[in-house]
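Peer 1: Letter by letter, the chains look like this.
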Amino acid sequence: MATARAAPLGGKVLTPFFKILLVVWAVGSVAGIVRFTQGLGVASAMNDGYPWGIWIAVDVVVGTALGSGGFAVALLVHVLHRGRFHPLLRPALLTSALGYTAGATAIVFDVGRYWNLWRVPVAPFVSGGRFGYNWSSGLLEVALCVMAYTAVLWVEVAPPILETWRDSGPGPLRALARAALPVLEKGLPVILALGVVLPMMHQSTLGSLMLVAVTKLHGLWHTPLLPLLFLLTCVGMGYAAVIAEAALSSHTLRYPLATPVLGELTGIMAGLSALYAAVRLADVALRGRLPLAVAADWHALLFWVEIGLAVAAAALLWRQRHVARPGPLVRSAAVLAAAGALYRIDVYLTAFDPGNGWRYFPSVTELLVTLAILSVETMVFIFLVRKFPILPAHRVSAPPHAAQAMP
Amino acid sequence: MAELEALGVSRRDFLKVCTLAAGAIGLPAWAGEKMADKAASGTKPSVIWLHWQECTGCTESLLRTSAPGVAELLLSLISLDYLETLMAAAGQQAEEALAAAMERGRGKYVLVVEGAIPMKTLQGERITRESDAHKAAYCRIGGKTALETTIAAAKGAAAIVAIGSCASWGGIPSADPNPTGAVGTREALRSVGIDRTVVTLPGCPANPYNLLGTVLQFATFGTLPALDDLGRPKFAYARTIHEDCPRRPHFDAGRFVQKFGDEGHRAGYCLYKLGCKGPATHASCALNPFVEVPGAWPIGIGHPCFGCTEQKLAFRVPLHDTVEVERPTAPGTYPPLVARRGAISPVATGLAGVAVGVLAGAGYMATRKLDRRHGGHEEDEP
Amino acid sequence: MKVSRRDVLKGLAAAGVAVTAGGVAARERRAPPAGAVGMLYDATRCIGCRACVTKCKEANNLPWDRSQDGLYDQPIDLSGTNKNIIRVAAAGERTSFVKAQCMHCVDPACTSVCMIGALHKEASTGIVAYDMDGCVGCRYCEVACAFNIPKFTWDRALPQIVKCELCRHRADPRRGGIFAVANPACCEACPRAAVVYGTRADLLAEAKRRLAEAPERYEPRVYGEEDGGGTQVLYLSARGVPFERLGLPELGRDAVPALSESIQHGIYYGMAAPALLFAAALVAIARRRGPEDGEG
Numbered sequence: 059m060a061t062a063r064a065a066p067l068g069g070k071v072l073t074p075f076f077k078i079l080l081v082v083w084a085v086g087s088v089a090g091i092v093r094f095t096q097g098l099g100v101a102s103a104m105n106d107g108y109p110w111g112i113w114i115a116v117d118v119v120v121g122t123a124l125g126s127g128g129f130a131v132a133l134l135v136h137v138l139h140r141g142r143f144h145p146l147l148r149p150a151l152l153t154s155a156l157g158y159t160a161g162a163t164a165i166v167f168d169v170g171r172y173w174n175l176w177r178v179p180v181a182p183f184v185s186g187g188r189f190g191y192n193w194s195s196g197l198l199e200v201a202l203c204v205m206a207y208t209a210v211l212w213v214e215v216a217p218p219i220l221e222t223w224r225d226s227g228p229g230p231l232r233a234l235a236r237a238a239l240p241v242l243e244k245g246l247p248v249i250l251a252l253g254v255v256l257p258m259m260h261q262s263t264l265g266s267l268m269l270v271a272v273t274k275l276h277g278l279w280h281t282p283l284l285p286l287l288f289l290l291t292c293v294g295m296g297y298a299a300v301i302a303e304a305a306l307s308s309h310t311l312r313y314p315l316a317t318p319v320l321g322e323l324t325g326i327m328a329g330l331s332a333l334y335a336a337v338r339l340a341d342v343a344l345r346g347r348l349p350l351a352v353a354a355d356w357h358a359l360l361f362w363v364e365i366g367l368a369v370a371a372a373a374l375l376w377r378q379r380h381v382a383r384p385g386p387l388v389r390s391a392a393v394l395a396a397a398g399a400l401y402r403i404d405v406y407l408t409a410f411d412p413g414n415g416w417r418y419f420p421s422v423t424e425l426l427v428t429l430a431i432l433s434v435e436t437m438v439f440i441f442l443v444r445k446f447p448i449l450p451a452h453r454v455s456a457p458p459h460a461a462q463a464m465p
Numbered sequence: 007m008a009e010l011e012a013l014g015v016s017r018r019d020f021l022k023v024c025t026l027a028a029g030a031i032g033l034p035a036w037a038g039e040k041m042a043d044k045a046a047s048g049t050k051p052s053v054i055w056l057h058w059q060e061c062t063g064c065t066e067s068l069l070r071t072s073a074p075g076v077a078e079l080l081l082s083l084i085s086l087d088y089l090e091t092l093m094a095a096a097g098q099q100a101e102e103a104l105a106a107a108m109e110r111g112r113g114k115y116v117l118v119v120e121g122a123i124p125m126k127t128l129q130g131e132r133i134t135r136e137s138d139a140h141k142a143a144y145c146r147i148g149g150k151t152a153l154e155t156t157i158a159a160a161k162g163a164a165a166i167v168a169i170g171s172c173a174s175w176g177g178i179p180s181a182d183p184n185p186t187g188a189v190g191t192r193e194a195l196r197s198v199g200i201d202r203t204v205v206t207l208p209g210c211p212a213n214p215y216n217l218l219g220t221v222l223q224f225a226t227f228g229t230l231p232a233l234d235d236l237g238r239p240k241f242a243y244a245r246t247i248h249e250d251c252p253r254r255p256h257f258d259a260g261r262f263v264q265k266f267g268d269e270g271h272r273a274g275y276c277l278y279k280l281g282c283k284g285p286a287t288h289a290s291c292a293l294n295p296f297v298e299v300p301g302a303w304p305i306g307i308g309h310p311c312f313g314c315t316e317q318k319l320a321f322r323v324p325l326h327d328t329v330e331v332e333r334p335t336a337p338g339t340y341p342p343l344v345a346r347r348g349a350i351s352p353v354a355t356g357l358a359g360v361a362v363g364v365l366a367g368a369g370y371m372a373t374r375k376l377d378r379r380h381g382g383h384e385e386d387e388p
Numbered sequence: 064m065k066v067s068r069r070d071v072l073k074g075l076a077a078a079g080v081a082v083t084a085g086g087v088a089a090r091e092r093r094a095p096p097a098g099a100v101g102m103l104y105d106a107t108r109c110i111g112c113r114a115c116v117t118k119c120k121e122a123n124n125l126p127w128d129r130s131q132d133g134l135y136d137q138p139i140d141l142s143g144t145n146k147n148i149i150r151v152a153a154a155g156e157r158t159s160f161v162k163a164q165c166m167h168c169v170d171p172a173c174t175s176v177c178m179i180g181a182l183h184k185e186a187s188t189g190i191v192a193y194d195m196d197g198c199v200g201c202r203y204c205e206v207a208c209a210f211n212i213p214k215f216t217w218d219r220a221l222p223q224i225v226k227c228e229l230c231r232h233r234a235d236p237r238r239g240g241i242f243a244v245a246n247p248a249c250c251e252a253c254p255r256a257a258v259v260y261g262t263r264a265d266l267l268a269e270a271k272r273r274l275a276e277a278p279e280r281y282e283p284r285v286y287g288e289e290d291g292g293g294t295q296v297l298y299l300s301a302r303g304v305p306f307e308r309l310g311l312p313e314l315g316r317d318a319v320p321a322l323s324e325s326i327q328h329g330i331y332y333g334m335a336a337p338a339l340l341f342a343a344a345l346v347a348i349a350r351r352r353g354p355e356d357g358e359g
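Chains as they are written, first to last, in my numbering: chain A, 59 to 465; chain B, 7 to 388; chain C, 64 to 359.
Treat each hint with caution, since some may be false.
To be verified - Now the stretches of chain A that chain B is said to cover, found in silico as 3 or more residues with beta-carbon under 8 Å:
#1 98-109
#2 299-307
#3 384-394
#4 407-415
The hints are simulated quantities; they were obtained by calculation from the structure and are not laboratory data.
Since this is a predicted model, take the numbers as computed values, not measurements.
All C-beta atoms in this analysis are idealised placements derived from N, C-alpha and C, irrespective of residue type, glycine included.
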């Protein structure tokens, strides 16, 4: 398989941008301390009507969907053997690993009795069977899959780091790398297969979680097709995140953008987006819910905005498939990501009405924690791509303008 | 006024009571002054007070007041021409006094009836005609049956007031099996076809201030207070005990006495579970004290109200059976089905807007820069 | 590129079919256990005295609700400090009181969604019980319950879920019978027997007897007989006050978690689909690259 050579980006880690991220993280950490010392009631605006807020809806549900890039690219590279996408793989996996770790961090902030989280992987094996696995619970499956998949992602991200340690790391790390890399090589197919199956399982189940809220989820969103729709949108969002990550890396880290390769994703993304819009419209029409779509309320408006964004994304991306230009490419991908993100936020927040009079809007603390998690994600990404061979290496004989673009 | 001053009642006290009485029947203070002036001016309406099947408790509760002495005041405001309990005359003299009073004040006197009127003959039949009034078997005074005398007195009365539960609807004598056919004044008169307005002041005993208020209004203005469909003055009987009960906060908070003498009882908790009939009893006991001793009424001393004003309850429903609440008035403190809650912080809204704006804006700017930097050039091949 | 797109779409279509096909499989209807206990609340007998609210707090060691200036205040809703509440409902001219607490559903949504069974249904009594030792505080139960019963102690740094458990901690073995398994304080406190405790079978029979005896007094059905798959706390309402006015939602006969469980079990039946996908992915990954693969 012809692969691109990857190389550490090098350069200064502590740029002004990085410093801004540090500040955001620091402020968010204070908010985090408030959450753990004073409780969720003080720190968040979540309540008994809206027990799930942005930490779930955005950090976990949208965040992991955007973190499906690793799965989505691995699908192309390792299952369908489209080798030309390989240069995208390592950064995509890192983005995914960080996205899932960020989601897991948000979970630790969100759950009230976080000290019991250790029980989830081992419940049937401790406490003498007092608690076991409830296989009817979609959330159990999500929890186990996310835990496993996060581990799988870091294992998939490990090779660049291990390679560097093997070649030039200090003694103990070199020995560790030397021992671990062969094992990884051998187990790679299993790891990769898990990395394809696990995300399909839990990304669809993230949609299924809302099936139980029969009286609370608005008719335009509640459907047995929720798992399918979440799966459809997560693949597109994953590719969109890969494109966005590549473009932002390119811009911030002054790094050339592999536009042609990225452009080839657009056809798939356009198709998925159009399919998603078609399935949703058909579902709403066939289940007799069209009257809800033409009602004069916010729900109908949001529904059409979602459909509109998906259709617009499909059209914009379709136009990019032969002549991919970076700016329009990234913007079209962003529209797709927005469509998927809005869909998820609607399912978990705006289309959810418990009927007991409560309202919800995230509190300042919730927002600060979310921003802090985002900034840590970004900081770790920057650090790792500068220090380890994750991003594709550039050619030594580069055109002058490209050379000027490098620091 | 001179008599009152002789009795030790100052003009100020007198005015106070008149104002109180006026207030009790819902009139403003100036009405109280008018009543006082009218009384002082010397024209006193005649009152004929008849006693039938009763314990005299209503009269006694009136007489037992002393500060101010309602009895004395009443006796100064009205000319009590016939009251068996107080009058000095007896026997023939008494009968003549009654006949004279009825003749003299014909069409002008106020008839007050205390006690139930038995309507059954010795054979157990109910009397339905005036001409049979003499056949009533129980309760005869001066050779005339209660029904006869009441009919005669009613015909010449300017106003008829039935004081006490017995006169209002039959009271104790009418309790099962009601062997004498005891009924209230209103029903007795209607049974024989006399359809006169009868002001009923139920209670066992009736609150003397309610009588005071009624009589004063009639004496001063010549009108009777607004009455409900049972003839009860609305100023005293429109509300249930429950609505004004001093222990109501305990009811609302769910604090109940479980049995006599328990901690809750000592703490003055609500007596509903012990069978208090307050929620279904129309009376003014919670608002108007009977005597000058505060709290001298059943609930005040820790016994559930037994509904003495209500025909459906008193001497009918067991003392410790609970009743349904009439017109349950859920106060504003009851939670509604759905209460709007959840604050939306403007600071958070602003922060969210700023964050989304910055991220979206910066992202867009980045893509514009991408256009400028890479537009038209071939990429480095990986 | 067309090939890759087709392949990807094919793969996703296959996944989609797997995802939705299982959904149509019907889930069997659950019956309450033989020893199911519950309560019967007759709204026509309730006078709104709220003795049950106070007694519940006392029996469950829950603190009084306080207003902002620290005064005792009436609770406004079920909450982390309140497992039982009386609300007032209006239906046109009529008002009615309604008691709200856990319905102890025959087929509860909360137990269906709880990851490791912190919320579980007692096998013998059907009481929906909570064991905070296993609870991670994810609050999925709050999302799932159609009656909005489980509440969270948001004000605590170490929170938990709070809801009526039929006072199973007050069970008195010496009394025997139903009191050996639970002893709801609210039923004990009610001065009008508006809410009574008993076996679900007995209570359902009693409710139907009341409906038959005085049909003009009641709405002509027992709420909870089949609603949402059936509940162990049954309701009777005054005629002219439909159950929805009391805040009891129209749920139909199916249990609330029936759809989500059908789909979840359908997709993951015996973990067959994931295993198949895993095997297919493994095969695809391990096979040698063919001539149609693009260059690097």
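Peer 1: Are the hints correct? Go through all of them and say.
Peer 2: Hints versus structure:
1. 98-109: With 4 residues close enough to chain B, the hint holds.
2. 299-307: holds (count 3)
3. 384-394: Since 6 is at least three, the answer is holds.
4. 407-415: With 3 residues in contact (Cβ-Cβ under 8 Å with chain B), the coverage given for the region 407-415 of chain A holds.
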